[in-house]
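S.K.: One-letter residues, chain by chain:
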Amino acid sequence: MEAVLKNVASAVELLAVAAYSDAMSQWDEKTLSRAFHWARYCEHVYTRFHTNSAGRRVVEKQLQHTNARLRDAFADYREVSFMDLPRCEHLLLLALLSNPHLPISTMKILFGKKDVASRYYDYKEVTGLCSHLIQCKSACKVLCPFSGLSAVDADAEVQGEMLMKRLDALLSQGSDPQQAEHFLHSVLLLSEEAAHHSCLVITAALLTASDSGTQTSSQSFLLNWLQKEHGMLQHMGSTLPSAVLKDLARAHGKFRDAYFSALKKWASEMEYSLNDGEWLPEGTAPSLSFQEMVEHFSDLFDACPSLRRNAEDELLALKILDGDFDARGLSVWGDILSELKK
Amino acid sequence: MVSIGSTAESMKELPFLGQIVGRLCWNPYVTVGDTNRGLLLQCLWGLYSENPSNAVERKANQWIRKVLCRLATEEENPAAEILMKSTGVPPKEYHLRVLKKMVKQHQENIGKTCCPKKSTDPSCRCSCDVIQTTSEAFVPLIDCPEASPVICSLLQHPGTSFTDALSEDFLDALNSTDSNLALDETALVSVWYHSLPRLEEAVLDLLESVISTGSAPQNLEQQVLKTQLPKACAHHCSMFLVVNDIFRSILRQAEGNLVVQSVIQTFTRCFLKELEELEPQAKTYICTFTMNNNLLSAGKSQTSTSLKAFFPQSPPSLLVPLLTLPSEMPQEAWKNHLEWLTASLQRLTEQEEEEEDSQSSRSHHNGFETWFLLVQCSHWVQVAGELLVTSEAEPCSPLLWLLTFYYHPTNRWHCRAAHLEEAKKAWSHLHALSSSSVVSPTADHLQPLITLLSPKPQPPSPAPLLTLSLTVYSAVFCRLPHSQSVEFFHTVVHAAGLHHEAACVLRSLQHRLNEGSCSSSDTVHVRITKLQSTVTHMQAGGNSHTALNSRAQEDTPAVTKLSVKKQPLAHVRPLAEFPHNINASHSAEAE
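So the sequences go chain by chain: S and P. In terms of the working numbering, the numbers along the first sequence are unbroken and rise by one, the last being 342. In terms of the working numbering, the numbers along the second sequence are unbroken and rise by one, the last being 933.
Bound-form chain P, shown alone (with noise of 0.2 Å):
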């Protein structure tokens, strides 16, 4: 109609235009929705005509105004007008009551249903069909804000989980529209129960918001709580394989992205926590394993079924030893604890080497999948660090090599034993400057450490991830004075430009130190606030620009790539895969 031009030509050439508006006018179906209605009033502004000039758009006007005018205050029912009028009621507040009884009315009614609670036999479904036609029924309300309540009482309707009960349409209209239903929490977990689409929506929104500001922000864990999912994922297996496979693909794109690795550790340490609550026995082997490594060989087979679910693809035997927390065990049992999984991992990487030198791609899989799970239970990565930065004696490889494999997953070009060489001078640098008496170290001392920091441009070329890292755990755990270690933490992370990382390192530490609080002492802590609010500083100061932009480019790849994925993802198994996920996790459930 715009490209027309003006109204009568586009009288003239759509001459049934009018009568079609016009009646479109008076259908409910078409004005309750805000997109049609908005769409609807589109057409009539197009139809009007600023500056009539013959009669054809004076009586277009006209009869716009009037229809507009008789749409927002005409009454159809006399006697509801009359007594409107006598008792002082305005049509709005009439209306709008009228429809909150109607909704009402239709809650009470869901209530009634003789839906099982819950049930444990699946052959046992509800006959009656209220719960379908109500959602039927709700299908147009879908953005009324006043349906909410029967909307939210429909997801949470125990029926709805193990039933199809709710309609087709329901469920696509609810991924199509874009309004903000105030929905609790359980019709909230409902809604991404039923629908792909909107869990995904969901995990990439979380992700997005927490990238989008830059390093990873003070409250992860409030914000991670606050989306539901740790809950829901607790609650439904399928769900949590889908988060999970969502994060395996963005893993896969953003390497070596320290945001995106500290939110699916947060995420899956608050998923751990409400599976507790759920089930308090799915780790309860734990305090058999701790104080004899032979007891770990024998404990493997009783992992329990249900984490068994929710980590199909992870190594079963890492399962329990990854997941159990640094603070469920005593400090003294950490290092073997460490020591056994390390040679655990090199076992395993070792076998997918040799299977990828004979071609067989299955054991790609394998090799992630156990880096994936380290990921999320990066509590033991983070302890390996504190744990190589205060012993006196020697390096202890096999926290380096597992502080190695964390940061360098693959195996790219055989350079492991490249990166392990790295890390042993990064920690030999450390280690000399921790423990020297030297009051203030010079730039001299300070310069191979910042080296090993810079990125270097020919491939083999490792992130400094991992020299930084250590960086942070000396600058945290040493016995330096405070100011000393902040100094020279400030004079490398500034040299080296990587404040976001260490940040992003920091919080982390910190909210694993907050955790379990048995092992920290306040020096710590006054330390970590002191070392952060340096890295604050240094954020906030534009010295190092140019060291910062080269930082940035290497992220925006990742965070771009999130901005445009909000189709869903073509690395998450189909829906189709998910029934029988579903029952299968309810049968284990319901046992």
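Okay, chain S solo, but in the shape it has when bound (with noise of 0.2 Å):
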């Protein structure tokens, strides 16, 4: 363990040598090479520790002092933490770039042609490193016009296994489930713009085939999550394809009652119109149209045909509620049921 702390800490220095400092500008291929080598070392001590939270501890504090060692040297240093270890090559790569004393022969090795004969990066190999990372990413964008080939985006789908693999990992440590909220919170919830790639993120995470009883209870965590979270289940629910929100529904229960709770919410704030002769969606309720709303009601009972019987109970019992009158307009309810009779 003294070893591996040492080797943390020489790593952590090599990376602020390589961020702030001229020094790197005497590196040549070899050095170069060695320096990403350690870069990958610090990534071998994450997988090793972030399941082991006594270990991490450890580290943790190793990290701790050589930041604070570091903060002294260098002025503008920005600390590693533990959670920067798994990616500290890019850290690495990162700070080599921005580092103006960079050399350009160094520049042009990492930007050069890739090795042709180990068709996968070796990490003993620089060369090429940056030109093999471009391409990826241009291969991506070139790719993605193409999408819509499945029902959730490349990116969504990979997104979402990265969410379920964290998650999995923070409710195994046994930790305060407040810190997975956390971390559901920082992801997901993050604007307006990118609320309905949150949603497809989920919908990945959901719908990936979980054959581990960990995930079988992340994604019941992720439920939970969601259905506390209103506004992310409503934006799922009227921007998701019927599709999609079918296999939602077959897949989980609860999403499946989260589902209908939520329609029943949204068709209860529906308001008729006299004017439009229809049914309008009224303050907080998402803009769905009144044929829309039918339209989600009979896609979540072909779904779930289970749900089905009972669901119309449900609702022929809120439209005696409302006076069980059958002319239109007078409860959302029996519109409803009588569109779906159709």
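No wet-lab data here; the hints were simulated from the structure. A portion of the hints provided could be inaccurate.
[Claimed, not checked] Partial selection, computed: residues in chain S whose CB lies under 8 Å from chain P:
hint: 1; residue: 26
hint: 2; residue: 27
hint: 3; residue: 86
hint: 4; residue: 87
hint: 5; residue: 89
hint: 6; residue: 97
hint: 7; residue: 111
hint: 8; residue: 127
hint: 9; residue: 136
hint: 10; residue: 141
hint: 11; residue: 146
hint: 12; residue: 157
[Said to hold, decoys possible] Listed next, the stretches of chain S that the computed footprint assigns to chain P, with coverage defined by at least 3 CB atoms under 8 Å from CB atoms of chain P:
hint: 13; segment: 193-201
hint: 14; segment: 250-261
hint: 15; segment: 321-334
[As the list claims (entries may be wrong)] In silico lysine-lysine, DSSO-like type, Cα no more than 27 Å apart, as pairs:
hint: 16; chain 1: S; residue 1: 246; chain 2: S; residue 2: 228
hint: 17; chain 1: P; residue 1: 454; chain 2: S; residue 2: 246
hint: 18; chain 1: P; residue 1: 443; chain 2: S; residue 2: 108
hint: 19; chain 1: P; residue 1: 401; chain 2: S; residue 2: 165
hint: 20; chain 1: S; residue 1: 113; chain 2: P; residue 2: 446
hint: 21; chain 1: P; residue 1: 443; chain 2: S; residue 2: 113
hint: 22; chain 1: P; residue 1: 408; chain 2: S; residue 2: 113
hint: 23; chain 1: P; residue 1: 446; chain 2: S; residue 2: 108
hint: 24; chain 1: P; residue 1: 446; chain 2: S; residue 2: 6
hint: 25; chain 1: S; residue 1: 108; chain 2: S; residue 2: 61
hint: 26; chain 1: P; residue 1: 442; chain 2: P; residue 2: 454
hint: 27; chain 1: S; residue 1: 254; chain 2: S; residue 2: 165
hint: 28; chain 1: S; residue 1: 264; chain 2: S; residue 2: 165
hint: 29; chain 1: P; residue 1: 442; chain 2: S; residue 2: 141
Computed from a prediction, not measured in an experiment: that's the story for all the values here. Just so you know, even glycine gets a beta-carbon here, dropped at the ideal spot from N, CA and C.
Fit chain to chain and form the complex, with the hints in mind.
M.R.: Written out as structure tokens, the structure is:
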């Protein structure tokens, strides 16, 4: 353990040198290679200790210590945390490229043609490291317009996977569920513009086939969180395509119930407009037209036939509460039911 | 830019250069391909000044660093970036995963298309344009290693062989990329099928690699099989025709090059094996032929249609008899078979010569085709040689004629008679040597043979390959003890300086004997091994460099010509002609 801590400290110091000093202008290809080797070492340390809370605490302590020392040495020093360790290679690259003292010869190595012999990046080989990265990013952008092949985009799918993996880790560590909730908050509730994307990520996370107990419990946790986040649920219900909503309802009973509750709530907030002769959404309800609302109900019942009987009874009960009139425009429940029967 | 000089000057001459280069950096279609990205980077390095002397140059340097840093490290999707930071996933891994997932989605999409597996009705075309759009989408990613599964799927898809589903741009990109796609067998065949230059490249690569290693390599058959060419040709008649056209062309340029001939022979043999697996009934008529010569003439009309399609220019009557392997026939029937073959060949060549006298150009073509078929099936020539040296009686003239024809196909200056005479002389010398009880033949005994083997200055100077072959066969099959035959072989070959050629002949012989092991005995194998090691020693030794160099000079014209011809060969039929053959062969195969 001693050796590990010493190595981590050295690696973090190396990172600082790469970022803030001009000593790295002396680096040749071999030194550069070794620097990246150290970065990979940090990634191994993370893999080893991220589920081991005791070990993790020790490493974190070492990092604090090293950070303090480096803060004294370099004015703009940016601290390295435990969660930065798995991305050490990226941090090193960022450090090097942002450092104005980086010799152009080193840049040429990094941006050179990648080694054709080793098809995948071998950590010993830094030649073409950036080239490969740029190629991947560009390839994704080139293929982006051709998405729509499956319900969820590739990037949403990958993000869903990343989300679930982290959630699994957080929940299995036996740590405070607050931490997991905080995590979900920080990554999913970003902004209005990003809401749709977050919907897709959540969908992907929920639709990944769960073949282990941890995954099921993580998905359950996510669903619980979603039930509390009405805004997100609302967004999902109103923007996701019906096929996706059906899949979600089929896969998760909790979602089905939450979705049904949400639909009822939105329907109850609708007001009948005499001018338009139509039910219109009011207040905080999502701007779904009456027809769309009916379609949502219909799709839900198609996906979950078991829900249908009870749901229809419930809607009927609500219609009765409203006076049990058959005329249009008096009870949203009655109108929904009559549309559904068609 | 290099010629302009400093960055400041470049910027003055081409003021919008910076803007254009900058914009191109953010165009994913430019940055995704290796070549374009490389060129872009070269522009940037060109604009960078090692020692900036003014503000413009300093600014340019700063800008270049910033652009490159952003290109490599900036994340455009803020949500993704936040998630990456909180989950500890580095951008490289993230983007790679996303790319792989996109590729997988496309692959699944291709798998779901409704194109029929193998349509016997060409008018039944797939209506979905998934293949078209996907191939179009992947054009910029042709040299991206992560995209190769989709590219392979596109090439392997059954629909692509029969329709023009693949986009033109895709095929062009495939032609011009020099990256090594990890193509599996089916995809490789598909590439060759759609792209004539690629097929030619593959054939020329094979020939070059064999020729550049000096003499025919030990594992020639392995090399040929590894290229997948025989298998591809067995599936697609049009490919076989193209490959043979290339061989014809090379042969015409490299007359007397044993290595090329052995490649052709090995290739044809491998091809026939593959064809056998596909269509076992192609040569089943053979059994009925062999016992009785009379049957041969009746049998020729039964030559399978598919064989004719593969060998359209060869004389049909000779097709099956030549393609039959000696191992498929009892040894006793060999002599008769060869006599029949020789008689047919003689007839054909005499016809040709008569027509030649009457100025008909078509005859040259036929003559060459006959000889070419013989080159493809040179196992019979070897058998003839074997029989010649093992028979006790007077030289069997049909067999000698066959060998002479093989090594001197053209009757230029009507010197076939002279060649035949020489062959007889060589045979009688060898016969004497191998049957004599002289313990160790002296130089005097061997001198006539060596004289025959040395090249003569004035025409008509026959290349001594015929004599050499006979020498090799004698050494292998004679009944002298090993040491004696090895010694006389060594002396003769060494003095004549024909190491490479001797090695070539030995290896071809060994291949044939390994194939059908019925006729060979252990003694023969041991003998061949001993002779081969002798030759290897000779080749390693540097004593007869002068003789060697003169041989090497004869060989180099062909080699250099081969290395130059990377562009499509002029002799090869243009692609436009092939659609006819493709349809014809497919309708034949579909029956």
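S.K.: For the pair we were handed, residue 246 of chain S and residue 228 of chain S, check the Cα-Cα distance against 27 Å.
M.R.: holds, 21 Å
S.K.: Does residue 442 of chain P pair with residue 141 of chain S here, judged by a C-alpha cut-off of 27 Å?
M.R.: Given that 27 Å is the threshold and the Cα spacing comes to 13 Å, the pair holds.
S.K.: Should the interface hint for residue 111 of chain S be scored as holding, given a Cβ-Cβ cut-off of 8 Å against chain P?
M.R.: holds, 6 Å
S.K.: Does residue 127 of chain S meet its interface restraint, that is, does its C-beta lie within less than 8 Å of any C-beta in chain P?
M.R.: violated, 13 Å
S.K.: Sort out whether residue 454 of chain P lies within 27 Å of residue 442 of chain P, counting only the CA atoms.
M.R.: holds, 18 Å
S.K.: Next item in the hint list is residue 89 of chain S. Is there a CB on chain P closer than 8 Å to its CB?
M.R.: holds, 6 Å
S.K.: Residue 443 of chain P and residue 108 of chain S were given as a pair; does the straight-line alpha-carbon distance stay at or below 27 Å?
M.R.: violated, 30 Å
S.K.: Is the interface hint satisfied for residue 136 of chain S? The criterion is a beta-carbon contact with chain P at less than 8 Å.
M.R.: holds, 4 Å
S.K.: Decide if the proposed pair is consistent with the structure: residue 443 of chain P and residue 113 of chain S, CA atoms, cutoff 27 Å inclusive.
M.R.: holds, 25 Å
S.K.: Please verify that hint: residue 141 of chain S, Cβ, nearest Cβ of chain P, below 8 Å or not.
M.R.: For residue 141 of chain S, the interface hint holds, since the closest Cβ of chain P sits about 4 Å away, which is under 8 Å.
S.K.: Within the segment 250-261 of chain S, is the number of residues with a Cβ closer than 8 Å to a Cβ of chain P three or more?
M.R.: Since 0 is below three, the answer is violated.
S.K.: Next item in the hint list is residue 87 of chain S. Is there a CB on chain P closer than 8 Å to its CB?
M.R.: At about 4 Å, which falls below the 8 Å cut-off, the nearest Cβ of chain P leaves the hint on residue 87 of chain S intact, so it holds.
The structure shown violates the earlier hints numbered 1, 2, 8, 14, 15, 18, 19, 23, 24, 25, 28.
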